[in-house]
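Peer 1: Residue numbers 33 to 191, in the working numbering, belong to the letters of the sequence shown in order.
Any given hint might turn out to be false.
[Stated by the list, open to error] Quick list of in silico lysine-lysine cross-link-like pairs, DSBU-like style, CA-CA up to 35 Å:
| hint | residue 1 | residue 2 |
| --- | --- | --- |
| 1 | K170 | K146 |
| 2 | K124 | K146 |
| 3 | K147 | K170 |
| 4 | K124 | K170 |
I should point out that these hints are in silico values taken from the structure, not numbers from a laboratory. It should be emphasised that the depicted structure is a prediction, and the values quoted were computed from it without experimental measurement.
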Amino acid sequence: MSEQNDDGQNYALMVLAGLVALVIAGVLALAVSRGTGGSAKPASAANAAVTAILAGEPAGRIHFELGSDALPADASAILVKVADAARAEAGKVVLISGFHDASGDAATNAELAKKRALAVRHALEANGVAPDRLVLDKPMVASGGADARAARRVEIRLR
33 MSEQNDDGQN YALMVLAGLV ALVIAGVLAL AVSRGTGGSA KPASAANAAV TAILAGEPAG
93 RIHFELGSDA LPADASAILV KVADAARAEA GKVVLISGFH DASGDAATNA ELAKKRALAV
153 RHALEANGVA PDRLVLDKPM VASGGADARA ARRVEIRLR
């Protein structure tokens, strides 16, 4: 009876070892794919963009369509740039500020600005920025300016 029990334990250990090996292989494959899947930009251009972000300039401004909180198609390049900069500076947080204008219902506009900022936050999380480093700022009213798009933006800064 003890031989059957030992055989069962050996089989269970072999299965467990196989599962551990599969997990390790998956992690290594993911690390290799992220390490070699770099951007098509030259390194100097990427370094200049990261330096500008770290100097306190807005890392990016994403302009949304009227009444929408869906990320526009051109946002992905900005989000990748910000995520790269955030990973380069582990001690910094990413401040996400949503803006809206003063026309219409203030509460509705503020809620839309918040939803836009949350969409940016979720996209940055998906690009590998840790959630605890993403800080949402209170929605702000955009003042002045002839460009109506300025009121439908989210700004991203590293602090």
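Peer 1: Between K124 and K146, is the straight-line Cα distance small enough, at 35 Å or below?
Peer 2: Holds, at about 22 Å.
Peer 1: Given the hinted pair K124 and K170, is their Cα-Cα distance within 35 Å?
Peer 2: 19 Å, holds
Peer 1: Between K147 and K170, is the straight-line Cα distance small enough, at 35 Å or below?
Peer 2: With Cα atoms ~11 Å apart, K147 and K170 stay inside 35 Å; holds.
Peer 1: Keeping to a limit of 35 Å between CA atoms, is the pair of K170 and K146 held or broken?
Peer 2: This hinted pair holds, its Cα atoms lying about 8 Å apart.
In this structure, none of the earlier numbered hints is contradicted; all agree with it.
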